[in-house]
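A.B. asks: Work the whole structure out from these sequences, hints included.
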Amino acid sequence: MSAPARSTGVWTAAAGSAAAEPRETASAPPRRRSARRRRRWTGLAFAALPLAVYAVVVLAPLVQSIQYSFFKWDGVSAATWVGFDNYVTFVTDPILRSTFGHVLVLICFFALLPIVLGLFSAALLTRAKQPGMAVYRWIFFLPQVMTTVVIALVFKRIYAPDGPLNQALRAIGLDSLARTWLGDFTWALPALGLIGTWVTFGFCMVLFISGTSAIAPELYEAARMDGAGPFREFFAVTLPGLRGQLAVALTLTMTAALRTFDLVWITTHGGPGTSTLTPAVALYKAAFQNPQVGLAAAIGVVMAVLCLVVALVITRVSERD
Amino acid sequence: MISRTERTVNYVVLTVMAVVVLFPIVTFVLAALSPDRSGGPVSPSKFEWGNFATAWQQAGFGRALTVSLTIAVCVVIGQVVLALLGGYAFGVLGVAGERVLFPIVLLGMMISTEAIIVPLYYQFRTFGMTNSLPGIILINLGMGVPFGIFWMRAAFRALPRATFESAEIDGAGPVQMLRHLATPMVRPAIYTLILLSFMWTWNDYFLSLVFLHGSNQTATVALGVFQGKYVTQINLMAAGGLIVAAPVLILYVIFQRKFISGMLAGAIKE
Numbered sequence: 001m002s003a004p005a006r007s008t009g010v011w012t013a014a015a016g017s018a019a020a021e022p023r024e025t026a027s028a029p030p031r032r033r034s035a036r037r038r039r040r041w042t043g044l045a046f047a048a049l050p051l052a053v054y055a056v057v058v059l060a061p062l063v064q065s066i067q068y069s070f071f072k073w074d075g076v077s078a079a080t081w082v083g084f085d086n087y088v089t090f091v092t093d094p095i096l097r098s099t100f101g102h103v104l105v106l107i108c109f110f111a112l113l114p115i116v117l118g119l120f121s122a123a124l125l126t127r128a129k130q131p132g133m134a135v136y137r138w139i140f141f142l143p144q145v146m147t148t149v150v151i152a153l154v155f156k157r158i159y160a161p162d163g164p165l166n167q168a169l170r171a172i173g174l175d176s177l178a179r180t181w182l183g184d185f186t187w188a189l190p191a192l193g194l195i196g197t198w199v200t201f202g203f204c205m206v207l208f209i210s211g212t213s214a215i216a217p218e219l220y221e222a223a224r225m226d227g228a229g230p231f232r233e234f235f236a237v238t239l240p241g242l243r244g245q246l247a248v249a250l251t252l253t254m255t256a257a258l259r260t261f262d263l264v265w266i267t268t269h270g271g272p273g274t275s276t277l278t279p280a281v282a283l284y285k286a287a288f289q290n291p292q293v294g295l296a297a298a299i300g301v302v303m304a305v306l307c308l309v310v311a312l313v314i315t316r317v318s319e320r321d
Numbered sequence: 001m002i003s004r005t006e007r008t009v010n011y012v013v014l015t016v017m018a019v020v021v022l023f024p025i026v027t028f029v030l031a032a033l034s035p036d037r038s039g040g041p042v043s044p045s046k047f048e049w050g051n052f053a054t055a056w057q058q059a060g061f062g063r064a065l066t067v068s069l070t071i072a073v074c075v076v077i078g079q080v081v082l083a084l085l086g087g088y089a090f091g092v093l094g095v096a097g098e099r100v101l102f103p104i105v106l107l108g109m110m111i112s113t114e115a116i117i118v119p120l121y122y123q124f125r126t127f128g129m130t131n132s133l134p135g136i137i138l139i140n141l142g143m144g145v146p147f148g149i150f151w152m153r154a155a156f157r158a159l160p161r162a163t164f165e166s167a168e169i170d171g172a173g174p175v176q177m178l179r180h181l182a183t184p185m186v187r188p189a190i191y192t193l194i195l196l197s198f199m200w201t202w203n204d205y206f207l208s209l210v211f212l213h214g215s216n217q218t219a220t221v222a223l224g225v226f227q228g229k230y231v232t233q234i235n236l237m238a239a240g241g242l243i244v245a246a247p248v249l250i251l252y253v254i255f256q257r258k259f260i261s262g263m264l265a266g267a268i269k270e
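Protein chains in written order, with our numbering: chain A, 1 to 321; chain B, 1 to 270.
What the hints contain is simulated information worked out from the structure, not anything from laboratory work. Please note that a few of the clues may not be correct.
Stated by the list, open to error - Computed Cβ-Cβ distance ranges for the label pairs, DEER-style:
1) B:53 with A:271: 31 to 41 Å
2) A:72 with B:37: 46 to 56 Å
3) A:84 with B:47: 58 to 68 Å
4) B:66 with A:132: 36 to 46 Å
Unchecked claim - Chain A stretches covered by chain B per the calculated footprint, using a threshold of three residues with CB under 8 Å from any CB of chain B:
5) 89–99
6) 228–242
None of the values given here were measured: they were computed from a predicted structure. All C-beta atoms, glycine included, are put in the ideal place defined by N, C-alpha and C.
C.D. replies: Here it is as structure tokens:
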């Protein structure tokens, strides 16, 4: 990170290399040091507007969320302090607590399944450039640029009572399996989960394919010389080489599962019953439908903490040794 | 070189995956063109192109698309300005208090909307900023600042430092340098930011659902309402869906490289 070769020290601070900074400051002549200081204040002036907007829209509400979460408030009358009651409600109320279980199911479909599929296909693909790859990449990324509302409608049609899925089941004589998928207490959640699988697996695939092409070919040659078969090769070379991409894919897909709102809201509203209720849907209902504002804030705070923990743990684990 | 078998395996794997992705979308497009309410596929000669016009009128998409477009354009412009200012400050000038401020900015990329939406709504309500376009534009801008700064900072840092040094010796001030020297050099990064920012704003559902009602509904929210009302008319619902998805899809067809590289780079971060 440190860059001793640079002709002037003034730009080093801008490069954000914390390690190099004090040393440069110590050795720089006073005039240059004050020039740099002036530049940094100019920088602060430049950054002031974006930082102010960010502070008003994100940082202040973030702090207020924590504050709100300790109150009982219906959004209109005076709020009363209730300590940790809202958090206790979130984890003890059977319906709200069930949202955690739903999230775990969604994580299997949003994160694990797409990553396994992505790894599997990346492993099957020979790491050679071949014509037409751009077209495939375009297709795999398509779900990423579509708004969730439209994706929800696409699958509402697929899962409809007389939609393609049930038609296919009936065509092969499995009439007994045909059902109103999104209206079924048991099947609605997995059906939603599979939409998530469809959305994310292409992204994981592209990520992993680009990752494998960055692994040094010598590693594969060495593995082959040692007599490693395709399986050994995958576990000894490909998987370790994709560590960074795996961390990214896991973080993004797990937080997406945790935060699922649009998909559920448009297809099932959390139903039937509460069988597809997610924390975000519970938050929306508590915040804006029958206001228990403090509870909603508590749900939001817990979700944010969980997202942060997921991101930090995955980064930590992936960067170990 | 790889053998013909390997090449064939590659194409088979890729094609199977591509079909899995495309199948739902194709049935949706066929449903949108079907004269049949249930959206059953028909032969091309019987395509009902009028579905788009019908859906447009019944859902009031004219108004909703205008709202979405207004919001998206304002957010994109504002976003680029904020990102240029912040990115240039953090990437080139350095910022007093950077060691505290920059991690706070990065933290923003990990903060979910849910963590701030509740106070945001009730505070904005106090100031009469709910159900107003300036309000939602401001929110989108604020939430986009972390990625914008992160993205443009990386672009500015990739420039050769000698350019700035010589310009400074020539007596150029920081504002001049940003406007006439640095900005033109990071044009590709700006284009990617424009595309991503447009896509995120246009595709947003949650914020619009919370903040905008009635005549201020965005296209995504209007589509949600429309599909709830016309549950039995799948062909119209699908046509409406395609209308709302069209602007981003068209951009994606034209600028696919920028979209994909931008989203991959944005995902991987540092």
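A.B. asks: Each of the hints needs a verdict: does it hold here or not?
C.D. replies: Consistency of the hints with the structure:
| no. | hint | result |
| --- | --- | --- |
| 1 | B:53 with A:271: 31 to 41 Å | 33 Å, holds |
| 2 | A:72 with B:37: 46 to 56 Å | 48 Å, holds |
| 3 | A:84 with B:47: 58 to 68 Å | 60 Å, holds |
| 4 | B:66 with A:132: 36 to 46 Å | 39 Å, holds |
| 5 | 89–99 | violated (count 0) |
| 6 | 228–242 | violated (count 0) |
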